[in-house]
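Each protein sequence line maps, in turn, to chains Z and D.
Residue numbering for the first sequence follows this note's numbering, starting at 1 and increasing by one per position.
Residue numbering for the second sequence follows this note's numbering, starting at 417 and increasing by one per position.
Keep in mind that the hints are not guaranteed to be accurate.
[Stated by the list, open to error] Partial selection, computed: residues in chain Z whose CB lies under 10 angstroms from chain D:
no.: 1; residue: Arg324
no.: 2; residue: Lys329
no.: 3; residue: Arg330
Derived by calculation from the structure, the hints in this document are not laboratory data.
Idealized CB from N, CA, C, for every residue including glycine.
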Amino acid sequence: MNPLLILNTALSSIGTNKLRAGLTLLGIVIGVAAVVSLMAIGRGAQETVTSRITALGTNLLFVRPGAATEGGFVFGQGTAQTLTLKDALAIDDRVFAPDVVAVAPETSTGLQIVAGSQNTFATTLGVTSAWLGVRNIELSAGRPITPADVANELQVVVLGWNVAERLFESENPIGQAVRLDGRRFMVIGVMERRGGTGFGNIDDQILVPLTTAHFRLNGSRTPQGDITVNTINVQAAGTDSLDAARAQVENLLRLRHRIDLNDDDDFTVTNQQDTIDTLESTTDTFVVFLAAVAGISLVVGGIGIMNIMLVSVTERTREIGVRRAVGAKRRDILMQFVTEATLLSAAGGLVGIALGSAVARAIDGRTFGSETFQTVLNADVAIYALAVSAAIGLFFGIYPAARAARLDPIEALRQV
Amino acid sequence: MSTPVIELQELRREFRMGDEIVHALDGASMTIEEGEMVAIVGRSGSGKSTLMNILGCLDTPTGGRYLLNGEDITELSDDRLSEIRGQYLGFVFQNYNLLPRVSALGNVELALHYRSRRKNKRALAMEALDRVGLAHRANHRPPELSGGEQQRVGIARALVSDPRLILADEPTGNLDSRSSELIMATIQSLNREDGRTMVIVTHDHEVASAANRIISLEDGRVVDDRRIEARTVVSPVGPHSAPGVATSPLSPKAVDGGAVRGVTTPDPQGL
């Protein structure tokens, strides 16, 4: 029997009982719609995170010290006090590091900041004048930290948006005095609002001159007396020269830190791409988890199809008998029912994709002007969902179809 | 003469019922030639249903030989039996066995479904419906047809594949006498006008008398086999009665649609 005929038989059988076909579809529709919309939500979350990180600039390298060890304990990455201001100055070298455009070292410490009766906790970064440019951050008011501020260890501070709001509410903070670690600082600027949440959100941080942070707030030195820094931000000429810049920075630092050829670095160099990769692998797991949960409903839908097909075989016993009498082989009956189940399931898949896409589009934050919640629809998810639903129909259709094919035609025809 | 359509030699069929072995057919022999109209009669339990199933290639004998068109079907595979059914045989059932959700035309077409790649299946189905006088009801579904009409659709379905043999199992068993006569007239005209070989299983002697040969079964054996002068069935209606018979002024629609409708067996299955 040719495939077209099989398809035709199955289609006309489905067509003769549309309500039952519709109900059979429902399970698969819901399952596929769940997979598609949840995948869209997962992918959207992924995209949101990725775009936030990318917004920081993809031509940045972050140099951090390695892990400190003390008495056999290994502490976290970045805890060692091996990276110094001199390292930062050495990297900023157009001859030995031609692909480095700008270098911005920073120290970091958490401090209580007080203004009048208000106070808040802020991560205080000690930075140089290059920092805002390297991190691509604009000021919304006031002036940035200048080389003069750094040279003279002036007690000036640039506030993050949230910090300024918490301390001064609607007042203009520029020129106001704040207290950091008991010392009086003057607010000279406020950074633009970046939005976003979580650790390292620039809106919750404040900037002071690096020298001020070292000498007046919470400085630390290496045994050799050099000023240590927590991070050196390195701006490469472009995304293409990122790898070259990284190699140059690594070479210079290995030389300066007198690391033997076979020894491990006492620092790490990362870039945004690394962060994105890490986050993506995390969110991938999340997305797969969501899909797996939704997949369970697909299996339930498949069992629904099997159930209805079994009922259908019982109901259509006489039809099967007639078909056998007019020359249908067992194989023809088997194919008819398997095709029916597969078609039903695939049709459910198509409807589910449409429904899931509609849901994903409806709940996308951008529809009502919010950036925080996005959904992303991909063709591959739709194709997988369709293939999986067809496969489920095939799998769960085989048993009922085999029962139909095994029916004895005499018994089937005798059915009243 | 050419090859007989059916040749049975000492046909046996045993069923195991618990510890007991039931001999449904116990050495039945017969030969049916092309163009015959044979009635197989017998009380219930005489083995006529079993014989019908074997003749229809729905069952296989446990002993003896069954030659259909000279081909021994005794040892054939299920697939080959299916092919033979589709190719050489047409069935008319007591309970019509029509698909209730499919139109009359679709029901007839079903018999061509598993055969050849012929394109004009619809036209052939229409032709067969026309042969039984139901062309005007082609798009009606079985529940909208009277019992007599449903059985004529069943006959059209048996006919459409141009089989060498049509097997009818109590074709009038669910019908009143008026519809029965119409059905028998149709069957007789297929035999007399088109020369189709017909085998009818029945317990109704009125029906059997329309055949030109009556074979009586008892306890799985042929106890009587005689040729008779067939009664010419006078169709209560129309165009498909035997030649020379006066036609009733009533249209088939008026008779079938009116008086006979109540006989339709309800279909509790509802496909």
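Could you tell me which of the numbered hints above are not met by this structure, giving the numbers in increasing order?
The structure breaks none of the hints.
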